[in-house]
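Trainee: Sequences listed follow chains A and B, in order. The first sequence begins at 2 in the working numbering and counts up by one. The second sequence begins at 311 in the working numbering and counts up by one.
No lab work stands behind these hints: they were computed from the structure. Note that beta-carbon positions come from the ideal geometry of N, C-alpha and C, so glycine has one too.
Each computed PhoX-like pair below joins lysine-lysine, with the alpha-carbon atoms no more than 20 Å apart:
no., chain 1, residue 1, chain 2, residue 2
1, A, Lys178, A, Lys83
2, A, Lys85, B, Lys344
3, B, Lys401, A, Lys280
4, B, Lys500, B, Lys488
Facing chain A, a subset of chain B residues (Cβ under 7 Å, in silico):
no., residue
5, Ser405
6, Ile407
7, Ser421
8, Leu425
9, Thr532
10, Leu589
Facing chain B, according to a computed beta carbon distance under 10 Å, are these residues of chain A, among others:
no., residue
11, Leu36
12, Gly86
13, Gln105
14, Asn106
15, Leu223
16, Leu271
17, Tyr278
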Amino acid sequence: MIDAYFIHLLILIGIYLILAISLQLSLGYSGLLNLGHIAFFGIGAYVSAILSLHGVSFLLSVLIAGLMSGLFGWLLSIPTNKLKGDYLAVTTLGFSFVAYAIFQNWTEVTRGSFGLPGIPRPNIFGVDFSENTSFLILVIIFVLISYFFIRRICNSQFGKVLEATRDDELAAKSLGKNTLKLKSISLAVSAFFAGVAGSLFASYITFIDPSSFTFLNLIPVLLIVIIGGLASLRGTILATIIIILLPEPLRFIGLPSSILGPARQIIFALMLILIIYFKPRGFFGRVDLE
Amino acid sequence: MTNIFLQLLINGIIAGAIYALVASGFSLIYSTNKFVHFAHGGVIVFSAYFLFWLFAKLGLNFYLSAVLTILFSSLLGYALNKIFYKPLRAKKSSSSILLVASIAILILLESLALLFFGADVKIINFIKNSQGLELFGAIITPLQIIIVLVSALLFFILFVFMEKSKIGKAMRAVADNKDLAEISGVSSEKIYNWSFIIGSAIAGCAAILIALEQNITPTMGTNLMIKGFTGAIIGGIGIVPGAILGSFLLGIIENFGIWFLPSAYKDAIAFILLFIFLLFRPQGILGIKNNPK
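Using the sequences and the hints, build the whole thing.
Mentor: Below, the structure is given as structure tokens:
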């Protein structure tokens with residue numbers, strides 16, 4: 002019983018870790034105040050759920066889901082590329098609202114608020130991952146791939162130019178860097194991994210509905226990135242573990258679910274306010290939120 | 311025989327009036343404070359529940375409840391500024407930090423409303439949604455007429471206040487150039503406070519009218535803010551008359567969009583409009599082109 006609960010938490014930590022490090026790429030390394038990240042997570046979840054419900058194999062669904070999310074990330078970057086700070090934030094937030102409206106209303110495909118039940122657990126080349134223990138192994142593999150891929154990007158020449166663009170876009174431009182294109186790529190890659198996280202989420206929970214992809218669900222992810230510190234991947238790992246585990250004790254003091262939900266949100270909101278006041282750079286942050 | 315064109319126009323004006331009530335207060339606060347006070351939507355939600363509590367739970371007279379609600383909302387806005395934003399400003403936090411703080415406050419207010427009042431919708435039955443009146447083949451309810459008239463009156467009062475009163479003039483001065491205003495002896499902190507008080511009072515009025523027309527739910531604030539913000543961007547974000555104009559335009563376009571799209575996609579129409587403006591006229595209709603952020 003304890004083991005099963007522990008494994009469940011580890012799987013959640015893994016999925017949120019992919020989501021958070023992918024947000025780190027656009028928010029931390031590129032300085033894009035992207036509040037639409039949960040929409041990419043949702044697009045990935047829906048695309049892979051629909052594909053796997055139609056018998057497409059797991060790996061292919063994940064890949065297509067990631068690419069679709071990435072495509073939307075790239076599309077979103079076109080009109081928002083020149084925006085900064087609060088304008089960008091609210092526009093990307095608006096994007097997540099539209100995504101939610103589509104999940105909710107395109108009922109022929111998404112079944113609206115009834116959600117999509119019976120999403121199959123992965124089966125890769127005959128190896129079955131339907132048990133939580135084996136699913137955890139799969140999630141760990143995905144986390145490692147995503148982590149090393151994103152770390153590679155961030156430490157590469159490309160990542161350095163991204164950071165230069167974040168710190169001084171005009172200077173980067175004057176050195177002949179196409180900063181708009183850089184930001185587009187960053188947002189697309191970031192959205193790709195959010196889509197991958199969404200696919201894992203859909204096949205783990207085996208049921209998705211629009212309520213998992215609202216603005217409220219963005220708050221813990223945003224909190225993870227800010228607590229971990231902008232442009233710090235190891236901070237993100239630490240913060241993910243803390244933020245996923247932190248509200249868990251609430252479950253054991255026997256609160257009814259009608260109080261549990263808002264209580265979690267209140268904790269997250271208060272933590273967000275406290276962290277930006279007392280330690281705006283989080284644990285290992287290297288830059289300020291501009 | 312109903313006249314569809316006129317009906318959609320009327321629906322658009324009513325929706326626009328509600329968006330404009332949200333956008334004008336928000337835009338007033340933005341004009342002086344220069345950051346997106348997202349929690350404005352939370353102030354509206356909390357004020358709507360406060361009205362529900364006074365009127366439906368305690369059984370107070372409606373007009374008394376309404377006055378108390380407006381007082382409550384100004385106080386709430388003032389308190390939010392004092393408790394959260396002022397300390398952050400003192401630490402020279404960027405406008406993005408203040409935006410993240412305001413999102414956290416919005417979530418805080420909505421979650422508290424959910425905790426205190428539950429997730430079920432609340433209805434204020436003061437003006438019965440009675441039979442609509444027919445006007446050249448379009449239907450409009452008495453309540454909707456009240457909404458449009460009250461908001462028009464409110465915008466007029468706001469306009470006179472901004473143009474004629476000492477505080478209004480000081481607000482415009484701070485909005486225009488904070489440093490110059492301070493040199494001429496205007497305390498910008500004081501003006502920030504006043505912006506929050508007056509902007510939130512308008513939020514209180516918005517809460518009352520929205521509570522009468524729609525159901526009250528804990529999460530309605532976020533949606534209202536997205537619409538209010540879109541309206542403000544369309545008209546020019548730091549310019550209150552622009553925000554009002556943009557909101558009416560948004561309401562009308564959204565409602566005419568139903569001719570082409572299912573009504574559930576209203577949000578998508580608002581978003582497309584927002585994109586078009588951000589791409590081609592980021593300073594909004596009434597905005598002056600300087601550096602689009």
